[in-house]
Amino acid sequence: MSSVFAEIAALDKLLHEPARLSLMTALSACKSADFLALQRLTGLTSGNLSVHLSKLEESGLVVMEKQFVDKRPNTQVQITEKGRQVIENHWRQLENLRRDAQNWRPD
Amino acid sequence: MDSIKHTRFLAKNYPQLQGLRAIPLSLCLLVITLWANSQQGPARDLTLPILLALGCLVFYLLVDRYYNRVYGRVKRTVTHAEMFLSTIGAVLALAAFIGDNLNITEVSLLGLVFAAVFAFTGFWYWRPVKSVLNLNLVLAACFAILSILPVVGIRDWWGFLGLKDSILGFTLLFGIFGVIGGLIFHIYFVRSLPLPPEAS
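Respectively, the protein sequence lines represent chains A and B.
As numbered in my numbering, residues 1413 to 1519 make up the first sequence, in order.
As numbered in my numbering, residues 9 to 208 make up the second sequence, in order.
Think of the hints as simulated: they come from the structure by calculation, not from any bench.
Given the structure is predicted, the values throughout are model-derived calculations rather than measurements.
The beta carbon of each residue, even a glycine, is placed where N, CA and C say it ideally should be.
Hints may contain errors.
[Unchecked claim] One-sided and incomplete, this derived list gives chain B residues near chain A with beta-carbon spacing under 8 Å: (1) I12; (2) T15; (3) R16; (4) G80; (5) V82; (6) K83; (7) R84; (8) T85; (9) A89; (10) K172.
[Unchecked claim] Here are a few chain B residues that sit away from chain A, every Cβ distance over 10 Å (derived from the structure): (11) S11; (12) L18; (13) A19; (14) I58; (15) V66; (16) Y74; (17) Y79; (18) S94; (19) G97; (20) I106; (21) T113; (22) V146; (23) I195; (24) L201; (25) P202; (26) L203.
Chain B on its own, in the form it takes in the complex (with noise of 0.2 Å):
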């Protein structure tokens, strides 16, 4: 019975757990960060974030390939409610963007909106997998407990980090935990597959 319960989960969830599709975006973001940190002023020549946006795009067509060849295809049934929340989740990011470029409230908007991100993924994809959902938990916390860290008098947390503002802070904290997340979830994909046959 537990074994046809994951057999059903992983089917159900078969792209998402191909962890290594998430690194591509995770890479795109960070290395667009670090550059738009080491920019004096506005930014004039966008040559090289372009070209690193195009490389990404690369990298994730050969990752794409990868997953297509080794572990085959699995279309997803994406209902209207996931449809749904995934277009509020992305409009309340655009919103929290321009919010904390305004400097509307000493809370970071962005920072709130992707601990919302993580605890929402946590509970609609993870909740079977109890480490993956727990994981979830903590990053959101993290993520939540820094937004609300300039109310509390620490206001610039990003500066340990070398970095110029809060936004650059969290999209470069996120960035990272794709990264590590994506191998996380690669490994347990590939370890969660039952053995072929040949090896069984």
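Just chain A, with the same shape it has in the complex (with noise of 0.2 Å):
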């Protein structure tokens, strides 16, 4: 069991976090979103959606583009090579980690 608290601890904590992780997963479905339309996927408050793609961005993640469209302020959001890499990365880990809980059997 070590062996999985391990690869536990081993993942991309800036990842797992639950909103982070469902925004670059809605990012990596698609070419691109604006800032509305990740609200309205992932149901956050513009606040924290905010604070959580400033984090992905700095970390290289995802592009933020602001842009004027209709003469309003539209920030226009995408996922990064690095940052398809990463989630896919992710998500083969923790596929990887439900599939060994499901095959663990006691000694």
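Take each chain as given, in its own frame, and dock them per the hints.
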């Protein structure tokens, strides 16, 4: 079991937070999404969403582009190549953990 | 895990789930079908269908604005396979329309193409949503059956709808199901999104 704990401890803390995991999963499923769509998809408040996106941007997992659409400010968010690799790797780790937990037998 | 999968599904199909987008085009198809059915001989004055098409375009722009303002924008990742299959579908639909006009066969080719479209979109997009997949498959089966009815001796099912030929019958049905499907998808979309924090 200690190896399972080690695997859990090795999970990326930045991604394992539910809101950020949800955001990265949504962004990995599309080309880009704007701030309002991400808010609708995750149910986060604008303040929370802003904080999480800033952390993901600081880590180079997403890029944000601020622009005006129909004279209104609009923030487009896109996952980076690094972000795509990191989230896919994270999902693989989670799937492995789940499989290990299902297959575990007492000695 | 399931909620994350659900979020992924919603993000992947965000624009398609915005069902009201399908209504202007379906309505356009419906009203132009009814207009074409009312014509005696070749149409000479196309003012009315052009105005109807413009009205539907304005309606679409309003729907687009509504979704962008209320639900935001998601740009889909369109795969090469998807683009290729869409092009094939459009070419087949055009060929089927011409084929039906020329009465090449008793089977309605346009109906078969519509059936294929329902089956294909069901499997391609809506496999995770069993109810939508099943609805698509039922519609595909209905269109396929209607297409081959003339071969088994039932030659004018479109007459029951007051229409002149099978092409008008299929476009009318496609338009009606487009409107109903659009409303169902919109309701599904709105109910699938998590409640805003203030309301939850």
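Exercise for review: Could you let me know if the closest chain A CB is still more than 10 Å away from the CB of B/V146?
Suggested key: Check passes; 28 Å lies beyond 10 Å.
Practice item. Hold the hint about B/A89 up to the distance rule: shortest CB distance to chain A must be less than 8 Å. Key: violated (16 Å)
Exercise for review: Against chain A, does B/Y74 hold up as non-interface, every C-beta pair farther apart than 10 Å?
Suggested key: Check passes; 13 Å lies beyond 10 Å.
Point to revise | Assertion that B/I58 lies outside the chain A interface [Cβ separation over 10 Å] | key: Holds, because the least Cβ-Cβ distance between B/I58 and chain A comes to about 27 Å, which exceeds 10 Å.
Review point. Holds or violated: B/K83 as interface residue toward chain A, Cβ cutoff 8 Å?
Key: holds (4 Å)
Check your understanding: Per the CB criterion, is B/K172 less than 8 Å away from chain A?
Key -> violated (44 Å)
Review point. Hey, does B/G97 actually stay past 10 Å from chain A on C-beta?
Key: Nearest chain A Cβ is 22 Å from B/G97, so the label holds.
Check your understanding: Should the label of B/L203 as a non-interface residue stand, given a Cβ cut-off of 10 Å to chain A?
Key -> B/L203 is in fact no farther than 10 Å from some Cβ atom of chain A, at 6 Å.
Point to revise | Given as non-interface: B/I106, which should sit over 10 Å from chain A by C-beta | key: B/I106 is indeed farther than 10 Å from all Cβ atoms of chain A, at 35 Å.
Check your understanding: Measuring from the C-beta of B/R84 to each C-beta in chain A, is the shortest one below 8 Å?
Key -> This hint holds: B/R84 lies near chain A, its Cβ roughly 6 Å from the closest one there, short of 8 Å.
Check your understanding: Are all C-beta atoms of chain A more than 10 Å from that of B/Y79?
Key -> Contrary to the label, B/Y79 does not stay out of reach of chain A, its closest Cβ about 5 Å off (not over 10 Å).
Check your understanding: At a threshold of 8 Å, is the proposed contact between B/G80 and chain A supported by beta-carbon distances?
Key -> holds (3 Å)
Checked against the numbered hints listed earlier, the structure breaks hints 9, 10, 11, 12, 13, 17, 24, 25 and 26; every other hint is satisfied.
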